[in-house]
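**Q** Here are the chains, one letter per residue:
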Amino acid sequence: MNRRSRQALAALVASGIGLAACSDQVASGPINLSKGVPVGAVLALSGNANLYGQDQKTGLELALASINGTGGIGGRPLALSIEDSGSDEPSANAAFTLLINRGVLALIGPTLSQQAFSADPIAQRRGVPVVAPSNTATGIPEIGSFISRVSAQSSVIAPLSIDKALKRNPAIKRAAVFYAQDDAYSTAETVIFQQALTTKGLKPVTVQRTQLNDQDFQTQISAALQQKPDLIVLSLQGVDGGNMVRQLRELGYRGTIVAGNGMNTPNIYPICQQYCDGLLIAQAYSPELQTPANQTFLAAFKVAQARNANARNLPARAIPPQLLAQAYTALQVIGDVLRRLDQKQPLKTLSVAQARTALMAEILSGTYQTPLGEIRFSKGGEVIQKNFFVAQVRMDPGGKTGRFALLP
Amino acid sequence: MDAGLLQQMLLGALLGLSVYLPLRCGQLSLASPGFYAIGGTIAALLSTRLPALGGASATYPISSVLLEMGLAAALTGAIAAAIGSVVLRLRGIYLAIATIALVEILRVITLNLAITGGALGIFGIPQPFNGPEGYAFFTAALLALVCWLCDRLERTRPGLAMAAIRDDELAAASQGIDTAQIKLLAFVLSAVVAGITGVVAAHFLNSWNAKLGNFDASITTLAFVVLGGSRTWLGPVLGGLLLTALPEVLRPVGDLRLIVFGLVILLGPLLFPQGLISPERLQSLGRLWPGPKRLGRQAP
Amino acid sequence: MPTELIQLLLNGLSVGSMYALFALGYTLVFSVLGVINFSHGAVFTLGAYFTFLLIGGNVGSNGLLAGFQLPFALPFWLALVLAGLGSALVALVIERVAFQPLRQRGADPLLALITSLGAGVILVNLIQLLMGAESHAIPTSSLGNLPAALNIGGAMVRTVQVLLLAIAAALVVALTAWIEGSRSGKALQAVSEDPITAQLLGINSSRMIQVAFGLGGFLAGIAGGLVGLSVSIAGPYFGIGYGLKGLGVLVLGGLGSVPGAVLGGLIIGLAEACVPADFSGYKDAVSYGFLFLMLLIRPQGLLGRALPNKV
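Protein chains in written order, with the numbering used here: chain X, 1 to 408; chain Z, 1001 to 1300; chain B, 2001 to 2311.
Just so you know, these hints were derived from the structure itself, not from any lab. Heads up, some of the hints might be wrong.
Said to hold, decoys possible - One-sided excerpt, in silico: chain Z residues whose CB lies under 10 Å from chain B:
(1) Leu1053
(2) Gly1092
(3) Glu1104
(4) Ile1109
(5) Leu1111
(6) Ile1115
(7) Ile1219
(8) Thr1220
(9) Val1225
(10) Val1264
(11) Gly1268
(12) Leu1270
Claimed, not checked - Derived list of chain X stretches under chain B, where covered just means 3 residues or more per stretch with a C-beta under 8 Å from a C-beta of chain B:
(13) 154 to 165
(14) 206 to 218
(15) 250 to 258
Built from N, CA and C at the ideal position, the CB exists for glycine as well.
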């Protein structure tokens, strides 16, 4: 073996690494407005959380069209770059870093709470405002002063559906709880559900743990059904949750089922089919909200759906899901704030770093009329939202598609 | 290029080396992600639970990171020595699957223990550096050190014995090589490299949970070695650097990104069955690169 | 037998039958090549998507094929068989691209692990590109008017799981009969013992390997369609989740043994079902612990032959 050739090659690799490591000069420079006002979004478009990411992408596209169709940011368009974060942490970090280096003024994302715990600190350290559209775990805004979210955390929403279930059927006595034990969202939400049940005097008669990738739940279901529950509470994601509902019903459970935020997507319809019917899910968004902001959003959604449906021979989805509305809201908030900021201090006079800091202060100080209703933020970046709802899934005959019908 | 990506690449190269070490003596061990997870968990636990390690300044002291690395090395080394003597009796695919099973068992235990934070994991891991540049320099130095050690190893008796075992274990044994001892050495070194890599990764990733270091990671890391070449340490380093960078570099391709990534993994071994770096290719490269002292000296 | 025991057995068989179906084609390719084919999970997924399209499913609103629907809708069983054939074709292409060039060169079998992984990554992401990430249902009504669940001695089991188990058992019987009883099956055995000797005996080894891949792809395809019927198709990563468990099943039953694959699947299913509810978090650790012990005690698995040095 030739020693020198190895050393030469090693030196080559090392010098390549040295050249590559150049530091970030973007933040101190002016904002690159040549293509519009730069904003980034990081969504799970691949990997096993991709079904959430696709809904979110649609929501962002609608908000973008609405902002740019009404004058953009002081005459300039808002330029949104969407990057795929996969469904894992390193990819989310890479996508955050990439967009921050490109000089975006604010970030939307990442899709999963688990990714947020890893990627948000990067934005925090580099002073880039983050508006999370779907992280519901406890402790997300607490990551730092630049982190905020429009997705209300589980502790606020989850108990509502339990209240509703008990109101509809006061005879409920025995609650069973299921959650995916290897999933951050599920484990966080089930704690809230279990507390809510216990306060109502319904200490769970059984708690069954599943794994995110499980698809057959016969073992857990038969164990739970032995306890004769009349209320079942699920903290599961869309796919495993859909299968759980279907198998619960197939194995003969007839009582009420309450599901958490992870199943708050029409993507569960193809999985539990006609068995989805009757599922109770608390909502941070109601399509029936009679505010101008929501009507605008609904109109845009319907136009886009109809266009899709005509071009592609599809039944149009009548009602936008919560994740889509929340993603829309996240970008709308950023659009509103950018407009306000641009009027106070024209963006072209600011450096990237100054604009990011000013933008964060503006985000936290404003009040926003959004499809979610009127929202604002606490000092720590937690969303303060007035209206929450509980919806019941109603499947069409044939069980192919359905809708979330709001309960009064 | 960006320093954060560079840091990911350097971590990939280190993991590649960890899989490479047992493979150099013909042992297909996929335990590296498990030891990586142990290293990361140690770093996450110590740095978030022990205020004494935090020091007075705003950034986390590098001495504490080094201490974590030392502990991780000791622990992963000890675990590897203990299980290595059992599993290394297995060969080929059986060893691979046994190590995968161990990694999965470890993942489930991490997930179930309260101290490791369950599915949410441990977050808010303190930062020894202000940005990815610091990490990249630190990790580049670490990689250089590990490469240097690998290079030394490959020239010394244990290293040569490893290659002999890979070529023919029976022949190696008949020449008086203690094959069990040498295989165990490679396995322990592999674990130590993965463990210290995990320590750096935990700080860099800000949070740590049981999903890091799973089955998918095992297979991807194996691809680093196969694509780079498994006969000299430069192979896995190059493979790790390139394959970690590839999905990020391919972002402009958009939706086709992961398809192109798959194509590279598919075509790489077909076009370069020996890997990108093989001793023969290095030699021919060396001829194109005449060093001053090389004159009059022929490659053996 | 007390109801609890029957229920336990049914629980184990329910999940075990899915593992067994997944592992059948997986083990067939291993038995001949001695190589783990990491594209198996992707072909399984493809079979599920083929079945879904052939019964007249609509692609939905994402992906390049959004809104696409075949102009006809086949009955489930016919769709399943055609989907199996389609998957077999794809498996043959994978063999041609990812395995044959390596075999002809006599390359390290380790390389085939990686090339097949690459083929799998391409396939999964191609599905996502064309069909989007949505989940799809093979409607429960495809089976006709069967009851959703059966009551066996007071214990409940979903009808579709019983069906899966029966099909897995029938496939094992058919495959074993073919391998042991027919000329081509014997040739396959000879190739898996030693391809070079087989070649010398006048067996076209290359052809037999293609047969194994085609059959493996067919089995993967119908397994995908059947599991899709039981639990719906959860997007392009549907089959990937089974890859690791499937590997465990393979080793437990005996690498390359067809009855072993089914036995291994059922044993892992039963082992998981026996974990008490309070410790269900450790369910996977139990099955992998089982696997690990098995490897130490009897590496060739329950029904396998010793195969040294294969990768």
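**Q** Hint by hint, work out which the structure violates, then give me just those numbers in ascending order.
**A** 1, 6 and 13
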